[in-house]
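Chemist: Taking the hints into account, I'd like the entire structure generated from these sequences.
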Amino acid sequence: MSKLVNQPIELKFRGSFPAAFHFGREFKIKYILNHWREGGQWWLDEPELFVYEVLTDKCRCELHFLPELEQWILYRLTD
Amino acid sequence: MFVHLHVHSPYSFLDGASSLEALLHQADQWEMPALAITDHSNVSAAVEFHKLAQGLGIKPIQGAEITTEDGTHLTLLAENSTGYQSLCRLITAGFARGSRHQCLVPWEALRENARGLIALSGCHHSGTAQALLRRDYAQAKLEVLRLLEIFGPGQVYLEMIQNYLPFSKRLLEGIAKLHGDLRVPLVATNNVHYLRKEDFPIHDLLVCVRTQTTVHQLHPERPFNGENYLAAPEEMQRRFAAFPEAVENTLEIAERCSPALDLTENLFPRYFPGEEPEKASQFLRELTWQGARRRYGTITPALRERIEHELNIIQQLDAADYFLAVWDLVQYAQKHGIRYAGRGSAADSVVVYCLGITNVDAFARGLLFERFLSLERAQKPDIDIDFDARYRDQVADYVYRRYGPEKVASVCTFHTYHARSALRDLGKALGCSQAELKRLTKNITSVPADGIRALLHRLPELKHHPLHGEKYARLLDYCAAINAFPRQMGTHLGGLVVSGEPLTKVTPLQPSAKGVLITQFDKNTIEDLGLIKIDLLSLRTLSAVSDTVQELGPRLNYNEIPLDDGATFARLQRGDTVGIFQLESPAQRSLQSRLKADRFEDIVASVALIRPGPIKGNMVDPFIARRQGKEQVTYIHPQLEKILAPTYGVVLYQEQVIEIATEIAGFTPGEADRLRKAMTKFRSQAEMEAIGREFIQKALARGVERQTAETIFSYIVGYAGYGFCEAHAAAFADTAYRTAYLLEHFPAQFYAALLNAQPMGFYPPNTLCVQARSRGITILPLHINESAAQFTAGDNNIRIGLKQVAGMEAACLESILEEREKSKFSSLQDFVYRTKVKKDVAENLILGGAFDWFSPNRRALLWKLPHYYQSKGGSLFLETSPACSQIPDFSPFERWLKEYAVLRLTAQGHIMDFFRPQLPKTVLTSREVAARREGPAQMAGLVIRPHRPPTRSGRTVVFLTLEDEYGLVDVTVFEDVYRKYGRVLYSEPLLLVTGTISRRDEAELASIIATGITALR
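As they're listed, the protein sequences go chains Z and P. Each residue of the first sequence is one higher than the one before, counting from 1 in the numbering used here. Each residue of the second sequence is one higher than the one before, counting from 1 in the numbering used here.
It is worth saying that the hints were derived from the structure and are not from the lab. Check each hint, because a few of them may be wrong.
[Claimed, not checked] Quick list of in silico lysine to aspartate or glutamate cross-link-like pairs, DMTMM-like style, CA-CA up to 20 Å:
1. 197(P) - 21(P)
2. 197(P) - 26(Z)
3. 407(P) - 252(P)
4. 12(Z) - 26(Z)
5. 471(P) - 45(Z)
6. 169(P) - 53(Z)
7. 471(P) - 10(Z)
8. 197(P) - 53(Z)
9. 12(Z) - 70(Z)
10. 471(P) - 436(P)
11. 197(P) - 46(Z)
12. 169(P) - 38(Z)
13. 407(P) - 382(P)
14. 514(P) - 53(Z)
15. 169(P) - 62(Z)
16. 197(P) - 62(Z)
17. 30(Z) - 786(P)
18. 407(P) - 70(Z)
19. 677(P) - 382(P)
20. 428(P) - 62(Z)
21. 803(P) - 786(P)
[As the list claims (entries may be wrong)] Short, incomplete list of chain Z residues facing chain P, as computed with Cβ under 10 Å:
22. 50
23. 51
24. 58
[Claimed, not checked] Pair by pair, the computed Cβ-Cβ distance ranges are:
25. 102(P) - 22(Z): 49 to 55 Å
26. 488(P) - 15(Z): 55 to 61 Å
27. 415(P) - 22(Z): 27 to 33 Å
28. 34(Z) - 488(P): 34 to 40 Å
29. 987(P) - 34(Z): 56 to 62 Å
30. 434(P) - 1(Z): 26 to 32 Å
31. 17(Z) - 488(P): 45 to 51 Å
32. 176(P) - 28(Z): 24 to 30 Å
33. 265(P) - 17(Z): 55 to 61 Å
34. 212(P) - 34(Z): 27 to 33 Å
35. 47(Z) - 501(P): 53 to 59 Å
36. 12(Z) - 443(P): 42 to 48 Å
37. 12(Z) - 136(P): 54 to 60 Å
38. 30(P) - 47(Z): 45 to 51 Å
A quick note: this is a predicted structure, and the numbers were derived from the prediction, not measured. Built from N, CA and C at the ideal position, the CB exists for glycine as well.
Modeler: Listed below in structure tokens is the structure:
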């Protein structure tokens, strides 16, 4: 099951790697499964998007980072 | 340090978004020791890249990203010239296996042509990456093993690209595993498609153009993100921190590669293969002297010296084979009765004249051979020949047969982005509708894609153009960014290269739309590779001449046309030159009426005078005044007299610039020609000043006074930038005079031939018909039983041909002619029943007047037509259509318009016939304007070719011709009037022009200086 969240979060880092974030409760990141960058709809001035697929101590999460806004977003949770 | 080994330039055609200069400039800033260019299936950038990189001290590594026959990509780098040749053969094989649009390299070809190549396993479209993405590790391993088998150990690298795609991590892990298992070295690349991250939208847009999508549509080939830029070495090191070997290996590969191009070779075929080059020189010598005896009869010592001089230079430049090859093909043309005429600077050569290639006597004219060929310049010879347009391909075929298909190819051209094409393509990619694109490109003239904003502010008709809107600001930026990028490859109109060795030694070959093989280098770069281009050009004027000569038979010996025919010169003096090669434009007609040419030299000067340079340089008026003795001819240095006397003290020809530099400053002819060339290219002010200093210093050393030397140099600067080659002018003048003679003495035949050779010349066919009528020639209407396929000339008439009818295809025409051969058509119905002509063409035939002979009511015939088609092959009772005698015909005006629409001309009358009765008497006819000396005038007519040539003042002036039922009058629209009426000028077919009659002198044709313009409706 997957749930679309799309809410801003604060991400903690260990060195240059994402380590944990709080969303109701603490999610500890155990492993970065994948990460990629999306160009976005540049013609609509949409900013570039960095995507991290991580495995936390609770579930699989998709985190988005908007570099222009310097904002992390918890985009999706997957069981 | 790091070297980018997988880089696409704009020659990847809509997949590379930064110029070679920009990429190399950045590499230079980072002090990269080398750079590779790996365009898709071509090496078109190779020469330009080689030269630019060498200039910056960067090692150029030639390469290509090829697509194999199974659709997978592979990055290949040429380690040396052997590798480059392998690459050329592979790409050629790929196009042979694939199609014109798709190069699919067979694996077998890779096995046979792997020498000298380094293979990088490729991007995510590679066989290895595709297998890894399918999680088929075993297959990925097999793919790498296949590369090892083909290229050998040490020649294969596993390509790692970290461009942050959703699958990049998996791919990199898989490649690292292959590296561990197979011990194949790694190499890091960034599959570069543009210089900076912010250039990503340009790349995305170009891909949209290539895939025919808009930004709103998905396509698998559209880039996912903006990571394929020329990343800095530090960034690449950061990205591949876990694989330092991958970064280090880029340097190792760069170290192994050497520049693969040799730009010093001469690949032109030997005329006598396997023999010493002297044999060709000797044969050329024999042919030249034979020709000299034929052309001149007596060989004077001066002539002997001149020919020897030329032959010695040709021999020293090892160019005898080239001259013989060109001689050989004109021999072919002569034997097959194909009309030709050599042109260009080759006409500066007496040898070329003796060989029968040109018809310009360079010795008698005192033309300077060094303008064509010189030891100092050591440039390759370039001979251009015009052929009767219909037989140019036949001559080209002969060249293919003569040298072998693998050694001959057409030269390619690159269609590059200009304002209109950039707006159209990028606008479409951004989602603009067709109607919007039409609005956006309306009235945008042929300017560079980065000059649209300037144009919008310059032209009055663009004052309210939608592109001024903020909405399109970015579109204009994007257009500017792709200015001059090659969009696609085409075929050069005339250029053929001939090689002594298979062409794939230096260039891949690929099929063109026409079916012939083309090189991947254009005329600007092909010669750097050791190939010499022969220009076989099509000239429709020669087709018209051939037709006229054939039609006249024994009544005319074209080669013996007297060069002093009074009637012909009288025609020129009246400016009555519509239809004459090179002398028919409004500016030429005006010049002719003032110049009063009475000798061949005047025509040579005319051809050179009406060019942007002499006009801008205000040379025309002084030339005319001096030619007519109204202004004194003076020379500021006695040595100039012998050089400039033929042009009355005016520097008109490029040859004169060379001679001045030689005589006054003591330049060698080669040095002087370098000076001419340097100035022709409009170098920077600093460079011009440097050349000037050299000229003046040398002149001073020869005893010329400083002020005189400076004044002479100012002449050269003033004229050399746009001076015309005298030899070329003389070659054109020869054809110009002869066509003038034909027009004067055989107008019906020559006008008919001109009409058959359309499209050509300055004027549309209807204007030629108006002109013919003004000579008393009857234009006979289209006639289904009398018209031939083409226009045919009678004693004093011209019959319109069936081919002129819109939509008339070869099969239709054949069907009509075949049936008519059996028996003439007796009615429209008979015509429909017996031929295979499509209904829409039959309609056009009716509207064109082809059936007026059966029934003059064209509308009634149109009404009957569907019934005939319905009953075709059916009922024996043929006349099944209802009676139509009550159907009124079109009005005369409608008839005229419809006839014009299907024929682009009309047999009778002029559109002004319909408007004239409504116009007040104050509106003059062209005949009345011509008869007036000065004063106010109003004239109405059909607008012919409004154009904005460069002017002396640099201001915009529009010239157009108004055509009415009696003839032509030229109109000049100055900038202030143009700003006011520009919109009407370019959108209305009929205009009423108010203004004043202008003549610079008594003799000049009257023209109108417009003060007001309105549409005539």
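Chemist: Now look at each hint and say whether the structure bears it out.
Modeler: Hints and how they fare:
Between residue 197(P) and residue 21(P) the alpha-carbon distance is near 17 Å, which keeps this suggested pair within the 20 Å criterion. Annotation: proposed proximity of residue 197(P) to residue 26(Z) is violated, straight-line Cα distance about 36 Å (limit 20 Å). Under the criterion of a C-alpha separation no larger than 20 Å, the hint pairing residue 407(P) with residue 252(P) is inconsistent with the structure, at around 36 Å. At most 20 Å may separate the alpha-carbon atoms for a hinted pair to count; residue 12(Z) and residue 26(Z) meet this at roughly 11 Å.
Between the alpha carbons of residue 471(P) and residue 45(Z) the distance comes to roughly 13 Å, so the proposed pair stays at or under 20 Å and holds. For the proposed pair residue 169(P) and residue 53(Z), the alpha carbon gap of about 11 Å is at most 20 Å, so the pair holds. For a cut-off of 20 Å, the pair hint linking residue 471(P) to residue 10(Z) is broken: about 37 Å separates their Cα positions. Between residue 197(P) and residue 53(Z) the CA atoms are separated by roughly 24 Å; this puts the pair beyond 20 Å, and the hint is violated.
A threshold of 20 Å between alpha carbons decides the hint, and for residue 12(Z) with residue 70(Z) the separation of about 13 Å falls inside it, so the pair holds. Under the criterion of a C-alpha separation no larger than 20 Å, the hint pairing residue 471(P) with residue 436(P) is consistent with the structure, at around 12 Å. For the proposed pair residue 197(P) and residue 46(Z), the alpha carbon gap of about 15 Å is at most 20 Å, so the pair holds. At roughly 15 Å between alpha-carbon atoms, residue 169(P) and residue 38(Z) fall within 20 Å of each other, so this suggested pair holds.
Simply put, residue 407(P) and residue 382(P) have alpha-carbon atoms about 18 Å apart, close enough for the 20 Å limit, and the pair holds. Taken as a hint, the residue 514(P) and residue 53(Z) pair is broken in the structure, with Cα atoms around 52 Å apart against an allowance of 20 Å. Taking the CA atoms of residue 169(P) and residue 62(Z), the gap is about 16 Å. The hint holds against a cut of 20 Å. Straight-line distance between C-alpha atoms of residue 197(P) and residue 62(Z) comes to about 25 Å, which puts the hinted pair past the 20 Å bound.
Distance hint between residue 30(Z) and residue 786(P) is unfulfilled; the C-alpha atoms sit about 92 Å from each other, more than 20 Å. Our distance criterion of 20 Å between C-alpha atoms is broken by residue 407(P) and residue 70(Z), whose separation comes to about 61 Å. Distance check on the hinted pair: residue 677(P) and residue 382(P) sit about 15 Å apart at the alpha-carbon level, within 20 Å; holds. This hinted pair does not check out: residue 428(P) and residue 62(Z) have alpha carbons roughly 35 Å apart, beyond 20 Å.
For the given pair, residue 803(P) sits about 13 Å from residue 786(P) by alpha-carbon distance, which is consistent with the 20 Å threshold. Interface restraint check for residue 50(Z): the shortest CB-CB distance to chain P comes to about 8 Å, inside 10 Å, so the restraint holds. Hint status for residue 51(Z): holds, given a least beta-carbon distance of 8 Å to chain P, under 10 Å. A least Cβ separation of about 22 Å between residue 58(Z) and chain P goes past the 10 Å threshold, and the interface hint is therefore violated.
Between residue 102(P) and residue 22(Z) the Cβ separation comes to about 54 Å, which falls inside the hinted range of 49 to 55 Å. Taking the beta carbon of each, residue 488(P) and residue 15(Z) are about 49 Å apart, not inside 55 to 61 Å as hinted. Under the hint 27 to 33 Å, the C-beta atoms of residue 415(P) and residue 22(Z), about 58 Å apart, miss the expected range. Separated by about 38 Å at the C-beta atoms, residue 34(Z) and residue 488(P) satisfy the suggested range of 34 to 40 Å.
Checked against the hint of 56 to 62 Å, the pair residue 987(P) and residue 34(Z) passes, with Cβ atoms roughly 58 Å apart. The hinted window of 26 to 32 Å between residue 434(P) and residue 1(Z) is violated, with their beta carbons roughly 47 Å apart. The hinted window of 45 to 51 Å between residue 17(Z) and residue 488(P) holds, with their beta carbons roughly 46 Å apart. For the pair residue 176(P) and residue 28(Z), the beta carbons lie near 27 Å from each other, so the given range of 24 to 30 Å is met.
Remark: the range hint 55 to 61 Å for residue 265(P) to residue 17(Z) is upheld by a beta-carbon distance near 56 Å. Distance hint check for residue 212(P) and residue 34(Z): the Cβ-Cβ separation is about 32 Å, which falls inside the suggested range of 27 to 33 Å. Checked against the given bound of 53 to 59 Å, the beta carbons of residue 47(Z) and residue 501(P), roughly 55 Å apart, stay inside it. The hint said 42 to 48 Å for the Cβ distance between residue 12(Z) and residue 443(P), and at roughly 60 Å that hint is violated.
Between residue 12(Z) and residue 136(P) the CB atoms are about 39 Å apart, so this pair departs from the stated range of 54 to 60 Å. Between residue 30(P) and residue 47(Z) the beta carbons are some 28 Å apart, a value that contradicts the proposed interval 45 to 51 Å.
The structure is inconsistent with the numbered hints 2, 3, 7, 8, 14, 16, 17, 18, 20, 24, 26, 27, 30, 36, 37 and 38, although it conforms to all the rest.
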